[in-house]
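J.: This is what each chain is made of:
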Amino acid sequence: MWKKAIIAAPYLWLLLFFLTPFAIVLKISLADPVFGLPPYSQSASLDNFAFLFSDKLYALTYLRSVFMAACATILCLAVGFPMAYGIARSKSGTRNLLLLLIILPFWISFLLRVYAWMGLMNSYGTINTLLMWLGITDQPIQLMYTDFAVFVGLVYSYLPFMILPLYASLERMDHDLVEAAQDLGASRARAFWDVTWPLARPGVIAGCLLVFIPAIGEYVIPYLLGGPESLMIGRVLFDEFFANRDWPLASAVAVILLLLLVVPIALLQRYQAREQESAT
Amino acid sequence: MKEQSRFITSVLAFGYAFLYIPLVLVVVYSFNDSQIATVWGGFSTRWYGELLRNDQILDAAFLSLRIAVTSATIATILGTMAGLALARFRRFKGRTLFSGLITSPMVMPEVITGLSLLLLFVALQQLIGWPGQRGFGTITIAHTTFAMAYVAIIVQSRLMSMDESLEEAAMDLGGHPLRVVFDITLPLIAPAMLAGWLLAFTLSLDDLVIASFVSGPGSNTLPMYIFSKVKLGVSPDINALATLIIVFVSVGVLLAWLVTRRRN
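Taken in order, these protein sequences are the chains called A and B. Under our numbering, the first residue of the first sequence is numbered 1, with each subsequent residue one higher. Under our numbering, the first residue of the second sequence is numbered 1, with each subsequent residue one higher.
Check before you lean on any hint, since a few could be wrong.
[Said to hold, decoys possible] Calculated pairs, SDA-like style, for lysine to any residue (alpha carbon to alpha carbon, straight line, at most 20 Å): (1) Lys231(B) - Phe151(A); (2) Lys93(B) - Trp13(A); (3) Lys229(B) - Trp13(A); (4) Lys3(A) - Asp183(B); (5) Lys4(A) - Phe98(B); (6) Lys231(B) - Phe148(A); (7) Lys91(A) - Tyr16(B).
[Said to hold, decoys possible] Sample of chain A residues at the chain B side, in silico, Cβ under 8 Å: (8) Ala9; (9) Leu14; (10) Pro82; (11) Tyr85; (12) Phe110; (13) Tyr124; (14) Thr126; (15) Gly135; (16) Gln139; (17) Pro140; (18) Trp193.
[Unchecked claim] According to the in silico footprint, chain A covers these stretches of chain B (three or more CB under 8 Å from chain A): (19) 23 to 35; (20) 58 to 65; (21) 78 to 92; (22) 120 to 131; (23) 139 to 153; (24) 228 to 237; (25) 250 to 260.
Just so you know, the hints here were simulated from the structure itself, not pulled from any lab data. Don't be surprised by glycine CBs; every beta carbon is placed ideally from N, CA and C.
Bound conformation, chain A alone:
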């Protein structure tokens, strides 16, 4: 009895507030927009999907989102891997402090952290003031409202998601293996690719997925830092819904975004399940 109640309460909550909403999104993505409340018809057709596939703009926006998220993931990995390695190899006292400093930004508002870059990258912001003072440029460089700014925002916000799983893998690694490989005559690069990298791979995969999945649907960063032409799909969905009030089309955009993410999300869940098992 009590056992059933413990399972049932969270189960029913999630069925009602997480699974049912998806069924509704799917249903509305097949409807037509109408005037009135709610602004969708009861009919069902694939018109919205046909429209999304025929209009080049949407296809391009999906591709752009995948491309931006992929680049941000690679940049995070390039910065995050040496950082995670350095943290894992430092003395245990410093290591805890370094880890704490990676986690600390998590607890500070995401929105305010993105906002902090607005003051840095403005035409008269800190970076441009510094560059002009150093005499590197005599006119402000356009940093804000560019793809560059979006990349900076994405890497800045998601870097901790990359570092933490990488650290978890690297910290468990037995460093004697690397030394053994080097003693046996492997070069440092060879020891890295043949020993460190394979052992770190679970962390690399988890970190990449944890950055890629949320980055693809990102709304705040492209809105605040990106230009009007740097469209990403999260922003398009938001605008279809709020500015154009086209609920069926917004739902169809969401359905396709979800389909794009099914494979990465399934991979991440399989990885997490395996981690849980190996932890016990």
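Chain A is already provided as a structure; the job is to place chain B on it using the hints.
T.: Just chain B, lined up with the frame of chain A:
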């Protein structure tokens, strides 16, 4: 441990500078007297004064805090139940779907969660007339839904790393299963529940996108207010607000760290 290579040390220095310089600059500019937030006009604390006189910010902050406390509490209760179910009940009907439902809200893009919940609320309103108004209630439900997943994972991994023998011993001595949960299991996982509550609380205070979807006219959370303001550009009173949050969070986290380190 041996010396770090120069490459690793410089990447670490660069990485931490990258993470912290923007925050430090926001703090510095919050004491800037100038109306234009990026030009230095002398030291002043006037923006903090203006912050305290801004009723819109205070109302939004109060609403956000109410939502965060309520949703974190419900999420901790439901998440603990879910974590218990996943860690201690090895087999039950629908377990695969259940564990999928627990982890999915964490990885779902916010725009999708927000849109789908709003559509559910609109459909429910058509069907049964509830929720009549969107605001505190709907945002709390939305935040509970994604935060309980985090609590469940934290509680589950704590339970997995814990040995079941204490619970089994209590059960063997004739303790009612529910009593065992309250007398043995809950005190043991209390630190995990507290960590989960704090995480749920922070996630709720942090959320902009989902709240924007499921809130109604007139109910602005703090992130919604900040967003409507920073859309127009850098503003000095937001710098002051950000500074308060940065200082408050940093002091809290550092204190917690020192306390746990002392205990170990």
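J.: Against the structure, test the hints numbered earlier, and report the numbers of the ones violated in rising order.
T.: 3, 15, 16, 17, 18, 20
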